[in-house]
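Since each chain sits alone in its own frame, please combine them into the complex, following the hints.
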Amino acid sequence: MDIPAPRRWRIADHADLAWRQWDGEYVFHHALANDTHRLSDAAGRVLLQLARCGEKDAESLALACELPVSDVEVILSEIAKLDFVA
Amino acid sequence: MTLKLGDLPREELCRRLARGLTLTTGPFRFRLQSRQAGVAEGLATLYADFPVLEDTDFRDFHVRVDRVRGPRRWFRPQVNFWFDGYAPFTPLPADHAFALLEWGMNWCIASHAHHYLLLHAAVVERRERTVILPGDPGAGKSTLTAALALSGWRLLSDELTIVDRDDGLIVPLVRPVSLKNRSIDIIRAFDARAVLGVAAHDTHKGTVSHLRPPAASVARMAEKGRAAHIVFPRWKAGASTRLSHHSKADAFMHAANHAFNYSLLGRLGFELNAALIDACDCWDFEYSQLDEALGAFEELVA
Numbered sequence: 001m002d003i004p005a006p007r008r009w010r011i012a013d014h015a016d017l018a019w020r021q022w023d024g025e026y027v028f029h030h031a032l033a034n035d036t037h038r039l040s041d042a043a044g045r046v047l048l049q050l051a052r053c054g055e056k057d058a059e060s061l062a063l064a065c066e067l068p069v070s071d072v073e074v075i076l077s078e079i080a081k082l083d084f085v086a
Numbered sequence: 087m088t089l090k091l092g093d094l095p096r097e098e099l100c101r102r103l104a105r106g107l108t109l110t111t112g113p114f115r116f117r118l119q120s121r122q123a124g125v126a127e128g129l130a131t132l133y134a135d136f137p138v139l140e141d142t143d144f145r146d147f148h149v150r151v152d153r154v155r156g157p158r159r160w161f162r163p164q165v166n167f168w169f170d171g172y173a174p175f176t177p178l179p180a181d182h183a184f185a186l187l188e189w190g191m192n193w194c195i196a197s198h199a200h201h202y203l204l205l206h207a208a209v210v211e212r213r214e215r216t217v218i219l220p221g222d223p224g225a226g227k228s229t230l231t232a233a234l235a236l237s238g239w240r241l242l243s244d245e246l247t248i249v250d251r252d253d254g255l256i257v258p259l260v261r262p263v264s265l266k267n268r269s270i271d272i273i274r275a276f277d278a279r280a281v282l283g284v285a286a287h288d289t290h291k292g293t294v295s296h297l298r299p300p301a302a303s304v305a306r307m308a309e310k311g312r313a314a315h316i317v318f319p320r321w322k323a324g325a326s327t328r329l330s331h332h333s334k335a336d337a338f339m340h341a342a343n344h345a346f347n348y349s350l351l352g353r354l355g356f357e358l359n360a361a362l363i364d365a366c367d368c369w370d371f372e373y374s375q376l377d378e379a380l381g382a383f384e385e386l387v388a
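For the record, the sequence lines run as chains W and P. Residue numbering for the first sequence follows the numbering used here, starting at 1 and increasing by one per position. Residue numbering for the second sequence follows the numbering used here, starting at 87 and increasing by one per position.
Okay, chain P solo, but in the shape it has when bound (with noise of 0.2 Å):
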């Protein structure tokens, strides 16, 4: 039987982050060093339902977030992510210590996995229709990704599109749903039953929260999903939730400029890109009422 993040008691599980806990989300093995105790509560809260490894298995990353030596150490203490040793960001105050890890497992991610071509997009899927939602910051991406995945769509990813090359499918990266500013309180309201974690203020995104992904998304992280949509969503205040045609030449050039490895894989960059675009329609969307905006969804996968 597979061991669960949540089935270890906190002692045991800040006992296995001192030393090394690795630590499976989609086609990636993690080995999370801490001894912070906002990266335990962070992982207890947010990551209950992933698989642990035993220390043996292989891993892609080891990445340990932990205090900065000198006097940061007492005085306003700091915190800083470790990569293989090497320190990719400036430190962060100790109590964005579960933030950091979560933007440093995305940075190893990003800057690694050139194995797939990775968009930077979210990723929800229904009646095995899978839909892409690139955003801009503050198009209301991430507000949108954590009410479908609250409302039973299957999150396959909040931040990186994953396709891979070999068949073209979307591969499952399912992680905490990261919420900024105003879009933590309209999900508190939206589900009671949303389980977020505690709230990093004053980071250069503002405050963060993270959703916990729902149990049966993270049950199917194994399973890869055929894209049927894409969608570009724009949260307006007072907007009639509107879906049009969204420009397939627009489509490709927007997931390509904002990939994180398209120049990098060249022409197969290009014709993952381009197979993409052909098997999926393409719309824009404009909303300001979630429930609407989830009614327009299901719409769009019926």
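Okay, chain W solo, but in the shape it has when bound (with noise of 0.2 Å):
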């Protein structure tokens, strides 16, 4: 039986994500789709370690940021659906 790997996640293509961080909370903006969105310090890692890294997957991604995978996977489809990520 295949047992399906992990979905692999990356910066979505064009986004050309630009952030500042300041006491824990980050700011984005997306470049193509020209939004800035206000996000939590944990939202805001996952990012980061997307941007810094290319491809990981939820668990990857949960061990650099120390956070629960739970936590990670809640992220990551929050910020998919603002095409931070695909």
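Keep in mind that a hint or two might mislead.
Unchecked claim - Here are the simulated distance ranges between beta carbons:
| # | chain 1 | residue 1 | chain 2 | residue 2 | range |
| --- | --- | --- | --- | --- | --- |
| 1 | W | Gly24 | P | Leu89 | 32 to 42 Å |
| 2 | P | Lys291 | W | Ala31 | 31 to 41 Å |
| 3 | P | Ala323 | W | Asp23 | 28 to 38 Å |
| 4 | P | Arg353 | W | Asp23 | 21 to 31 Å |
Stated by the list, open to error - Examples of chain P residues toward chain W, derived with CB under 10 Å:
| # | residue |
| --- | --- |
| 5 | Ala323 |
| 6 | His331 |
| 7 | Asp336 |
| 8 | Phe338 |
| 9 | Tyr348 |
| 10 | Ser349 |
| 11 | Gly352 |
| 12 | Cys368 |
| 13 | Asp370 |
Unchecked claim - So these bits of chain W aren't anywhere near chain P, every CB distance computed over 12 Å:
| # | residue |
| --- | --- |
| 14 | Ile3 |
| 15 | Gly54 |
| 16 | Leu82 |
Hints in this document: simulated from the structure, not taken from any laboratory. In this text, all values refer to a predicted model and were calculated from it rather than measured experimentally. Backbone N, C-alpha and C define an ideal beta-carbon position, used for all residues, glycine too.
Here it is, written out as structure tokens:
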């Protein structure tokens, strides 16, 4: 039986993210959508980890960001709606 | 020697205004045209210290406030505002002519000066420390700004914070401070020397009157300021004066959401706004007494 490989996430093409972090809160700018979003510390760390490392699955991200995998999965699904990750 | 609007005898002011008077405010030159006595009165009272340029100089905006045609010329007369011959607003009662000119001038800048980042906030300065005052309507921003300006602070702007895209500094846009409703009497009581224009009643903002900006602020309207603080004022009856930290991320989003052209500038808007927040301490400021508020502001820039 084949076990499906875990989904790998990456920063969305053309997102060309810019960000700032102040006191545990982040703001991210998505260049293509020209949208700005304020994100929590956890969401910001997940996005930055992806921006630095390219593709990663939720478990690896959770390990790198020291967050529970379930939290990272929720974060990824939410920021995917904003077209930050794919 | 630079000619100031206050140097013009009233007849000469009216004559120039009828054919086109070029007024400088901050980085902008307006060619104002009007035959309305209320406009001449407002300019004479509130813009006396502003430089008037020769008719041949370049102007950024050509604007006119005059009576509308038709029956409204005589029956409950109305005025309108024209920008390059185009009327962006609906007409208003004739006695709102000066207020309409002020709103129209703001509109010209907010709609066209996209070579700057334009935030909706007042700006004052003391000891070379520039303080930005964003504020929701009714928060007491203009009242506080007027009191600070009357207390020796340099007024950079009451309405528009102009951020220079080249150096991130704040470009002054010294103009009369727009006071509404109770603020008018509060400022009259605060300082008997305050020069206020004729009040326009029953506007969409209630009663509106403008405060003449300090001559010293007008004289320095070419000097940019370096932002040090962003203060979100909130007047609350009976509240103690209290300054507390405001989240920088929230300050960023507030500035962006209340900017006139943040989205239009795309990534540049993000970077300019972020650099501004980087450079500033951000505060919530609750107050009920103006004298206590001024004391807190003095400490902020001590």
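Hint check results:
In this structure the hint that glycine 24 (chain W) and leucine 89 (chain P) lie 32 to 42 Å apart at CB is violated, the actual value being about 55 Å. Taking 31 to 41 Å as the suggested C-beta distance range, the pair lysine 291 (chain P) and alanine 31 (chain W) conforms, at roughly 37 Å. Evaluation of the 28 to 38 Å hint for alanine 323 (chain P) and aspartate 23 (chain W) yields a pass: the beta carbon distance comes to about 31 Å. At about 23 Å, the beta-carbon gap between arginine 353 (chain P) and aspartate 23 (chain W) stays in the expected band of 21 to 31 Å.
Because the beta carbon of alanine 323 (chain P) sits about 31 Å from the nearest beta carbon in chain W, more than 10 Å, this interface hint is broken. Of the supplied interface hints, the one on histidine 331 (chain P) holds, with its beta-carbon coming within about 9 Å of a beta-carbon of chain W, less than 10 Å. Satisfaction of the interface hint for aspartate 336 (chain P) is found here, the shortest Cβ-Cβ separation to chain W being roughly 7 Å, below the 10 Å cut-off. For phenylalanine 338 (chain P), the shortest C-beta to C-beta distance to chain W is roughly 5 Å, which falls under 10 Å, so the interface hint holds.
A cut of 10 Å between beta carbons decides the hint on tyrosine 348 (chain P): the least distance to chain W is about 8 Å, and the hint holds. A cut of 10 Å between beta carbons decides the hint on serine 349 (chain P): the least distance to chain W is about 6 Å, and the hint holds. A least Cβ separation of about 5 Å between glycine 352 (chain P) and chain W falls short of the 10 Å threshold, and the interface hint therefore holds. Given hint, cysteine 368 (chain P) at the interface with chain W, holds; its Cβ is 9 Å from that chain's nearest Cβ, closer than 10 Å.
Contact between aspartate 370 (chain P) and chain W, as hinted, is not supported at the beta carbon level, the nearest pair being about 14 Å apart and thus beyond 10 Å. A cut-off of 12 Å between C-beta atoms confirms that isoleucine 3 (chain W) is not in contact with chain P; the least separation is 40 Å. In this structure glycine 54 (chain W) is separated from chain P by more than 12 Å, as the shortest Cβ-Cβ distance comes to about 22 Å. With a least CB separation of 14 Å from chain P, leucine 82 (chain W) remains clear of the 12 Å interface cut-off, as annotated.
Violated hints, listed in ascending order, are 1, 5 and 13; each of the other numbered hints is respected by the structure.
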